[in-house]
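If you want my numbering, it's the position in the sequence shown, counting the first as 1, plus 54.
FYI, nobody ran anything at the bench for these hints, they're computed from the structure. A portion of the hints provided could be inaccurate.
Calculated pairs, DSSO-like style, for lysine-lysine (alpha carbon to alpha carbon, straight line, at most 27 Å) [to be verified]:
| no. | residue 1 | residue 2 |
| --- | --- | --- |
| 1 | Lys207 | Lys75 |
| 2 | Lys386 | Lys288 |
| 3 | Lys207 | Lys80 |
| 4 | Lys80 | Lys124 |
| 5 | Lys136 | Lys80 |
| 6 | Lys136 | Lys321 |
| 7 | Lys124 | Lys207 |
| 8 | Lys207 | Lys136 |
| 9 | Lys288 | Lys304 |
| 10 | Lys304 | Lys207 |
| 11 | Lys274 | Lys304 |
| 12 | Lys288 | Lys274 |
| 13 | Lys123 | Lys321 |
| 14 | Lys124 | Lys75 |
| 15 | Lys75 | Lys386 |
| 16 | Lys136 | Lys274 |
| 17 | Lys140 | Lys321 |
| 18 | Lys124 | Lys274 |
| 19 | Lys75 | Lys136 |
| 20 | Lys321 | Lys75 |
| 21 | Lys123 | Lys75 |
| 22 | Lys304 | Lys80 |
As the structure is a computational prediction, the values presented were derived from the model and not from experiment.
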Amino acid sequence: MIPAFLRLPVCALDISDRSYKYLLLKSRGNAFVVSDFGEGNLPAGIVENGEIYQRDTLITILRDLFVQKKIQFVSISLPEEKGFLKSIKMPTSVRANEVGSSLALQIEEHVPLPAAEVAFDYTLGGADDDHFDIVLRAFPRSILDSYLDIAAKAGALPVFVEPELDAMVRAVVPYSYAGTGMLIDWGATRASFAVFYRNVVRFAATAPVGGALVTAAIAKQMNVSAEEADRLKKTKGRLVVTQESMNNDKATQAIMPLINAILEETKRYLLYWQSHSENNSLPERIYLAGGDVNIRGLPEYFSAELGVSTIFANPWENISFPPFYLPELSWKDSLRFISTIGLCLQSAEECQFL
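All chains, please: the whole structure from these sequences, using the hints.
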């Protein structure tokens, strides 16, 4: 790990369709403490489906944040719905230091865009006697440039970017876990799904089933305002998935169609992975993440319906805190900050003064 005095104070920034979140960790000996964190709402239309439409408005919002919090350096998560992911087998005749240039020559075979319009990176996912397993991650260059541009014009230097699901997997999957798993991120406007093996994302997809639909369903079923429905949704322990609540509780009855929609998407992606993986096996565990998964009984319901062990993700799984330290960011709220936590973990290893 990089010594603390060499480490840049990189603030992790996650921008979604309806909100932004930021998080800064500070080293304390061999551990970390949460130095600062926060979030804010974004009005509809500024960002839609991961694409920035009102750049000047977003720059103004972020500039105010950066000035107030004295943020100079940022790492940024990129929207999963705009990315491309492809697993590629590359012959071992290609040297490791030539993989990038080889991929650049064949990028149009894997991404449905002209090569000049693609920004990509890759991970070596493993090797066999005759080939490398390459995981290609690509984004339209226009999307990448737009996120870098708004951060720079708001007054901060973008240090690195990363797909949001990659950051989330880094945060919640134990470093020691070498098996296959799935991460489900249930956000405000969509649910994202990632299958990972040896902590590397190998498959990613999104579905338009967001937490905003949960709020709307509760409001309609219980005849309350959207504000009251959102308050009920966020009240600890109010939403629960059990046989009794499914039979008797109006709020549970309102959200079950949405939960089952995510369940069906999960089944579809599990079967896809099983049919396309080398050993035709299902992921061994599922992690539930995101601001709208905090529903009691949800892991048990998924476990029973899918036959795969399902748990709530622990956002702080790979963060070492000092003894007796508790972050001000509660566990329930930290489920919304998982991508920023993963970005912070990466910056702790990579970002230093040159």
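Against the structure, the hints come out as follows:
no., hint, in the structure
1, Lys207 / Lys75, "holds (18 Å)"
2, Lys386 / Lys288, "holds (9 Å)"
3, Lys207 / Lys80, "holds (25 Å)"
4, Lys80 / Lys124, "holds (15 Å)"
5, Lys136 / Lys80, "violated (31 Å)"
6, Lys136 / Lys321, "holds (23 Å)"
7, Lys124 / Lys207, "holds (15 Å)"
8, Lys207 / Lys136, "holds (22 Å)"
9, Lys288 / Lys304, "holds (16 Å)"
10, Lys304 / Lys207, "violated (47 Å)"
11, Lys274 / Lys304, "holds (10 Å)"
12, Lys288 / Lys274, "holds (17 Å)"
13, Lys123 / Lys321, "violated (43 Å)"
14, Lys124 / Lys75, "holds (15 Å)"
15, Lys75 / Lys386, "holds (15 Å)"
16, Lys136 / Lys274, "violated (32 Å)"
17, Lys140 / Lys321, "holds (21 Å)"
18, Lys124 / Lys274, "violated (42 Å)"
19, Lys75 / Lys136, "holds (19 Å)"
20, Lys321 / Lys75, "violated (30 Å)"
21, Lys123 / Lys75, "holds (13 Å)"
22, Lys304 / Lys80, "violated (44 Å)"
This entry does not satisfy hints 5, 10, 13, 16, 18, 20, 22, going by the numbered hints stated previously.
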